[in-house]
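Working from the sequences, and respecting the hints, build out all of it.
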Amino acid sequence: MPLLKDESEVEEFIRLETQLQSSRRELAELSKKKPNDGVNKFKLGHLNTMLRKANQILSDSLPLEDFTEFDVDLLPSNSDVVFVLAQYTDAIYRFRTSNTHVSGGVTLWTLKNSRAEVRAGSLWDYRYKD
Amino acid sequence: MPIVRPRLTDYYGIPASQADVDFAIPFLDEDIPLHVDPFLLWRSPSLQDNALHTQVVQAFNNLGKLQERNAEEAESLLIGLSECDEIGLGNSHTRTGRRIGRDKAQDVLSLFKSVPAYASAGFAHFEEIQFYVDSIGADRISDICCNFIKSFLIDYTIDQCLRLGITTSSIDVPVYEYKTSRIVAERVALPLDPESRRPIILVPKRWLRYQPFLNFDDYYTSFHKPEDKAPNRAQVLNYNRHNYGAVRSYVEKKELERNNCSSDPLFTQIPITSARASLKAIRQLSSGTKDANDKKYEKEAGRLLASLLYPQLDFAAAQSRTEDGVLIRDLIFYNTKTNSLLQDLWDNYGSRQIVFELKNVREIERDHINQLNRYLSDNFGRFGILLTRNPLKAAMMRNTTQLWSGQRKCIVAITDDDLELMVNLFDGKQRDPIDVMNKKYVEFLRACPS
Chain X
1 MPLLKDESEV EEFIRLETQL QSSRRELAEL SKKKPNDGVN KFKLGHLNTM LRKANQILSD
61 SLPLEDFTEF DVDLLPSNSD VVFVLAQYTD AIYRFRTSNT HVSGGVTLWT LKNSRAEVRA
121 GSLWDYRYKD
Chain W
1 MPIVRPRLTD YYGIPASQAD VDFAIPFLDE DIPLHVDPFL LWRSPSLQDN ALHTQVVQAF
61 NNLGKLQERN AEEAESLLIG LSECDEIGLG NSHTRTGRRI GRDKAQDVLS LFKSVPAYAS
121 AGFAHFEEIQ FYVDSIGADR ISDICCNFIK SFLIDYTIDQ CLRLGITTSS IDVPVYEYKT
181 SRIVAERVAL PLDPESRRPI ILVPKRWLRY QPFLNFDDYY TSFHKPEDKA PNRAQVLNYN
241 RHNYGAVRSY VEKKELERNN CSSDPLFTQI PITSARASLK AIRQLSSGTK DANDKKYEKE
301 AGRLLASLLY PQLDFAAAQS RTEDGVLIRD LIFYNTKTNS LLQDLWDNYG SRQIVFELKN
361 VREIERDHIN QLNRYLSDNF GRFGILLTRN PLKAAMMRNT TQLWSGQRKC IVAITDDDLE
421 LMVNLFDGKQ RDPIDVMNKK YVEFLRACPS
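So the protein sequences, as listed, match chains X and W.
Start counting the first sequence at 1; every next residue gets the next number (my numbering).
Start counting the second sequence at 1; every next residue gets the next number (my numbering).
No lab work stands behind these hints, which were simulated from the structure alone.
Fair warning: there could be bad hints in the mix.
One side only, chain W facing chain X, incomplete, derived with CB under 7 Å [stated by the list, open to error]:
no.	residue
1	Glu255
2	Asn424
3	Gly428
4	Gln430
5	Asn438
6	Val442
Only pairs whose alpha carbons sit at most 25 Å apart, straight line, appear in this in silico DSS-like list of lysine-lysine [what the hints assert, rightly or not]:
no.	chain 1	residue 1	chain 2	residue 2
7	X	Lys34	W	Lys429
8	W	Lys280	X	Lys33
9	W	Lys205	W	Lys229
10	W	Lys440	X	Lys41
11	X	Lys112	X	Lys5
12	X	Lys34	W	Lys440
13	X	Lys43	W	Lys429
14	W	Lys337	X	Lys41
15	W	Lys440	X	Lys43
16	X	Lys32	W	Lys429
17	X	Lys53	X	Lys112
18	X	Lys32	W	Lys280
19	W	Lys429	X	Lys33
20	X	Lys43	X	Lys33
21	W	Lys429	X	Lys41
22	W	Lys393	W	Lys440
23	X	Lys34	W	Lys280
Note that beta-carbon positions come from the ideal geometry of N, C-alpha and C, so glycine has one too.
Structure below.
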């Protein structure tokens with residue numbers, strides 16, 4: 001797994017992680033009611049922006065082979081999107097677990113270019129919950 | 001091949017969707033089955049519409065005064081005002097109607113004498129004449145109204161033509177002149193029917209209804225109590241002539257209900273429950289022609305697609321043709337170029353109209369593809385859709401991609417599953433059902449050799 005460079009990348013990572021989880025939660029709700037309904041272009045646009053950022057972070061550890069983002073023309077359904085977001089939230093969580101370490105009872109980020117002690121919080125708190 | 005059920009805009013190559021323009025797009029060879037309702041002008045919040053209504057009523061009441069001076073002239077004027085072919089509204093299949101006869105004109109004008117209220121104060125809503133004179137209906141009311149405001153409608157038409165780029169030509173048109181109370185010929189620039197060279201006048205959609213808000217059938221219902229013996233139409237008309245109060249109270253009641261009066265849309269999508277019912281009916285139909293299943297398939301698919309693809313595609317017609325002794329059924333849509341797919345089909349395949357060939361068969365065969373292939377030309381361009389029950393087999397898919405490689409013709413299959421997806425999108429309102437057509441097109445292109 002690649003490492004985050006510094007605090008600003010950590011901030012960006014946390015923002016993305018939160019967005020992916022909240023999107024997954026929202027789409028899962030929709031999917032329960034109408035799994036085959038198409039996702040609108042506005043949502044797909046934002047989801048693709050998130051996926052592009054996630055792909056950059058995960059680089060060679062992408063969760064799905066041959067998939068990088070949604071094709072708006074191919075009408076992905078709510079259940080398709082939930083499936084993909086589930087893979088990505090899990091991959092992002094794995095990234096967090098691989099890039100943090102415990103020091104003196106505190107979970108810290110393992111950074112590439114910084115020796116700053118950036119707290120990562122409890123891993124449990126960042127696990128996706130329905 | 002000529003355009004199927006051509007509209008004015010299609011002839012001039014203007015891809016306007018009915019939903020996007022302010023006027024009812026006229027057909028070139030038949031009338032639009034709607035009418036101008038003067039009541040809509042009266043109840044409109046627009047001062048301009050109200051002023052036009054006042055003008056119509058004043059001009060109509062002026063016929064009563066003219067009759068006192070010169071009955072024959074008043075009758076001739078009313079006869080001249082009783083038909084307005086340039087508008088193209090009503091039930092004619094040829095865009096030409098018939099004027100009323102002199103007897104009928106005399107019947108109408110006699111109201112100014114026989115009904116004291118009209119003799120003294122004139123009409124407040126001239127469509128009340130249908131409550132006294134037989135054979136005066138929505139069509140006639142609409143034509144008389146349009147003739148009185150024809151000058152305004154001509155200006156409106158010129159304005160709309162300039163906006164859309166519709167070609168106009170100078171032509172003499174009979175117009176009612178308020179100053180002289182006569183019909184005079186005026187040279188104006190109007191769009192022409194390409195074949196008959198007759199002028200065409202456009203009408204705002206907001207003035208159109210299938211039936212006027214004040215109409216005889218509605219009046220009859222309120223007039224006749226269920227416990228009474230039902231009077232016939234002639235008896236009611238005769239009763240009204242001697243009982244103006246009955247008409248007045250009906251009109252006053254309708255005036256109070258004016259907020260219920262709205263224009264009728266030119267096309268109404270079926271509700272989602274009906275769309276689901278149509279889909280279910282299609283799903284339950286067995287393939288083939290047994291029990292007229294092909295006709296049932298056409299009926300349900302036509303009903304469903306016309307609604308699902310609206311407003312991006314305006315439905316033109318369902319038609320049948322025979323090729324090699326086989327009856328082939330099609331659904332034709334006007335290409336309105338309102339999204340990127342339709343723009344692409346217009347630009348790259350020359351599709352001014354889009355054809356859906358209906359195949360209620362279990363499996364598409366080479367002949368089916370060839371039939372549609374031969375049909376794709378001129379206005380249909382080089383893009384067509386096979387509406388069928390099941391996905392194409394690999395060999396048939398290869399056949400369509402070879403057509404694309406060799407002749408750049410695109411034949412896409414839409415199946416029951418795709419229809420179901422369209423209905424789901426129609427219900428969910430997150431994406432347009434036409435996006436399924438785009439999906440199938442994109443999938444087809446990706447299957448084609450690069």
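Against the structure, the hints:
no. : hint                 : verdict
1   : Glu255               : 44 Å, violated
2   : Asn424               : 5 Å, holds
3   : Gly428               : 4 Å, holds
4   : Gln430               : 4 Å, holds
5   : Asn438               : 6 Å, holds
6   : Val442               : 4 Å, holds
7   : X:Lys34 to W:Lys429  : 12 Å, holds
8   : W:Lys280 to X:Lys33  : 20 Å, holds
9   : W:Lys205 to W:Lys229 : 40 Å, violated
10  : W:Lys440 to X:Lys41  : 17 Å, holds
11  : X:Lys112 to X:Lys5   : 5 Å, holds
12  : X:Lys34 to W:Lys440  : 22 Å, holds
13  : X:Lys43 to W:Lys429  : 13 Å, holds
14  : W:Lys337 to X:Lys41  : 19 Å, holds
15  : W:Lys440 to X:Lys43  : 21 Å, holds
16  : X:Lys32 to W:Lys429  : 17 Å, holds
17  : X:Lys53 to X:Lys112  : 19 Å, holds
18  : X:Lys32 to W:Lys280  : 23 Å, holds
19  : W:Lys429 to X:Lys33  : 14 Å, holds
20  : X:Lys43 to X:Lys33   : 17 Å, holds
21  : W:Lys429 to X:Lys41  : 12 Å, holds
22  : W:Lys393 to W:Lys440 : 15 Å, holds
23  : X:Lys34 to W:Lys280  : 18 Å, holds
Consistency with the previously given hints fails for numbers 1, 9, ordered from lowest to highest.
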